[in-house]
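Chains A and B supply the protein sequences, listed in that same order. For the first sequence, my numbering gives the first residue as 1081, with consecutive numbering after it. For the second sequence, my numbering gives the first residue as 1081, with consecutive numbering after it.
FYI, nobody ran anything at the bench for these hints, they're computed from the structure. From a predicted model like this one, the values you see are computed outputs, not experimental measurements. Treat the hints with care, since some could be wrong.
All copies of an identical chain are treated as equivalent in the list; a pair is satisfied when it fits inside any one copy or across any two copies.
Below, a list of computed lysine-lysine pairs in the DSSO-like style, where the Cα atoms sit at most 30 angstroms apart [what the hints assert, rightly or not]:
1) K1148 / K1205
2) K1089 / K1129
3) K1224 / K1089
4) K1172 / K1250
5) K1205 / K1164
6) K1205 / K1172
7) K1261 / K1205
8) K1089 / K1148
9) K1129 / K1205
10) K1172 / K1148
11) K1164 / K1261
12) K1164 / K1089
13) K1250 / K1164
Protein chains: 2
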Amino acid sequence: MKISEATLKRLTQIFRTLSRMIRFEQFDESISSAQLGDLIGVPSHTVRKDISCLGEIGSSGRGYDVVKLHGFLAQELGLATPKKAAVIGIGKIGSALIEYGRFGNSGFDVVAGFDSDVNRIEAMKSDVPLYPAYDIEEIVRREKIELAFLTVTADGAIRSLERLIRGGVKGVVNFSPLILKSDEIHIRNVDLTGELTLLSAMINFGGLTASEE
Amino acid sequence: MKISEATLKRLTQIFRTLSRMIRFEQFDESISSAQLGDLIGVPSHTVRKDISCLGEIGSSGRGYDVVKLHGFLAQELGLATPKKAAVIGIGKIGSALIEYGRFGNSGFDVVAGFDSDVNRIEAMKSDVPLYPAYDIEEIVRREKIELAFLTVTADGAIRSLERLIRGGVKGVVNFSPLILKSDEIHIRNVDLTGELTLLSAMINFGGLTASEE
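Isolated chain A, as found in the complex (with noise of 0.2 angstroms):
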C-alpha cells in the first residue's frame, strides 16, 4: 500500500496522542475527528480521510472507539511491537539516545551503541553493550536491528551509512550535519542547527504568511 509522508506524520501523531491519553489514563470512551483534529492541528475531514487510508475501522455517531483506535494503528503503523536500534557515535547528543532508551511508548528498543573512539568505548558506563564502529555491519546484522541514530560528524556520516545499510538497517535518523539521502532505505534528517537559523530568520521577519506552498 502506497501512503504519503503527510499523511503518515499525522497518523502517527495521532497515535502518540491516544498513546498518551491512555498511558495517564484521561480519556472518554470515544473521541470525535474533529476533536483529534484540534489536538493535532488539521480539520475534521482530515483526520477521517487519513484513518481509512488504513482500512476499515468502525466509527459510532460519537466517533472512535480510543482503545480500538489505539490498537488498529498500532498494528497498521507497524509500532505494536519494539524495533531493535542502535546508536551510532557516542557523544553528548548519542548518550542522551542511549540514556532514554526505550523512548517511552514509541516501540523502540536501543540493543546497541557505536563509535569510532575505542578509549571512549571503554570509559563509559551503560546499559547498553557499546561496540567499535568497525562492528557496526556485522553486529547489526547479528542482532537484526532495524534502526539507527546517526549523531557523528560530517566525516564519519557516509561511511556509517554504508556500513549500516551492508549490515540490512531499514531507516535512518540522522542528527549529523551532511543531509542525507538513499534509494535503498529510508532516512530523516534532523538538522539541529537549520531549526536555530529558520528560527532566527523568522524572528527577523516577525510575521510569516500562514499558508504554505
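Following the hints, complete the assembly by docking chain B onto the known chain A.
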C-alpha cells in the same frame, strides 16, 4: 514584509549551503539557480522566486555571485550578527547544546543555562554561566537574550515558556515532549520521539508516495 515559512526554510538552506562552501573554500565565483536547486532539492525557478522575495540581487548569465549572495542572505535573513541564546534544562540534551555553544556559523551564542535543580547547577562545570530556573525572566531581560532552547520535561515546559516570554525572548526551539504554541513568539517544535515513530511507520510501509498534500 510577509514571507511563507516554506520560502524562509529554503532560503536558510541556501544560506547554510553557501556558508559551508565558503568555509571550506569549495566554490566557483558564481552559482546558477539550477545548481542551488540541486543542492537543496527544489527546481531552479523556485530558487529564483525565493531569492527575489528578499529584493533585487543581480544575477549574470552564469548565475549569482557566491560571496555576494551569501552576504545578501545573511543581511536580509538577519543572520549577520549572532543572537544571544539560552538553554533551559541542563540534562543530557541541554548540556550537549551548551557544549556546541556557538553552533558553527549559524549565528548563535549561548550565553546562559538554566535548571530548576540547584544542586545540578552547582555540580556542573560549564563555560557558560548557569542560573536557577526562577531567574529566567530577570536574566533574559538583563542580557537581552532573544532565543531559547527548551529541553525540559513536559511538566516544566509551559512554566518555562511563560517565564521566557515575560523576559522578552522572541523565539524558542522546543525539545520538550509537549507541542507548544504561542501567539506572541515563534516556536519550533523539534519532536525527536515523533521522528522515531514516524520513521518506524515509514519502514512498515516500505514505499511512500512522493507527493505531499
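query: Can you tell me if K1148 and K1205 fall within 30 angstroms by alpha carbon in one copy, between copies, both or neither?
result: Neither: 41 angstroms inside a copy, 49 angstroms across copies.
query: Checking K1261 and K1205: alpha-carbon separation at most 30 angstroms within a copy, between copies, both or neither?
result: neither (33 angstroms within a copy, 38 angstroms between copies)
- request: Please work out whether the CA atoms of K1164 and K1089 approach to 30 angstroms or closer within one copy, between two copies, in both situations, or in neither?
  value: Classified as within: same-chain Cα gap 21 angstroms, cross-chain 33 angstroms, threshold 30 angstroms.
query: How would you classify K1224 and K1089 at a CA-CA limit of 30 angstroms: within, between, both, or neither?
result: within (25 angstroms within a copy, 37 angstroms between copies)
- prompt: Between the shortest in-copy and the shortest cross-copy C-alpha distance, which are at most 30 angstroms for K1205 and K1164: within, between, both, or neither?
  reply: within (20 angstroms within a copy, 35 angstroms between copies)
- prompt: Between copies, within a copy, both or neither: which fits K1129 and K1205 at Cα up to 30 angstroms?
  reply: Intra 47 angstroms, inter 52 angstroms, cutoff 30 angstroms: neither.
task: If the cutoff is 30 angstroms on CA atoms, where do K1172 and K1148 land: within, between, both or neither? Let me know, please.
output: neither (39 angstroms within a copy, 36 angstroms between copies)
- prompt: What label fits K1089 with K1129 when the C-alpha limit is 30 angstroms: within, between, both, or neither?
  reply: both (13 angstroms within a copy, 28 angstroms between copies)
- request: State whether the alpha carbon distance between K1205 and K1172 is at most 30 angstroms within one copy, between copies, both, or neither.
  value: Both. Shortest intra-copy (13 angstroms) and inter-copy (15 angstroms) distances satisfy the 30 angstroms Cα cut-off.
message: At most 30 angstroms between CA atoms: does that hold for K1172 and K1250 within a copy, between copies, both, or neither?
response: both (25 angstroms within a copy, 27 angstroms between copies)
message: For K1250 and K1164, with the copy left unspecified, which applies at a CA distance of at most 30 angstroms: within, between, both, or neither?
response: Result: close within a single copy only, 11 angstroms intra versus 39 angstroms inter.
Homo-oligomer pair classification [K1261, K1164; C-alpha up to 30 angstroms]: Within. Shortest intra-copy distance 22 angstroms satisfies the 30 angstroms Cα cut-off; inter-copy 33 angstroms does not.
The structure fails to meet hints 1, 7, 9, 10 from the earlier list, while all remaining hints are met.
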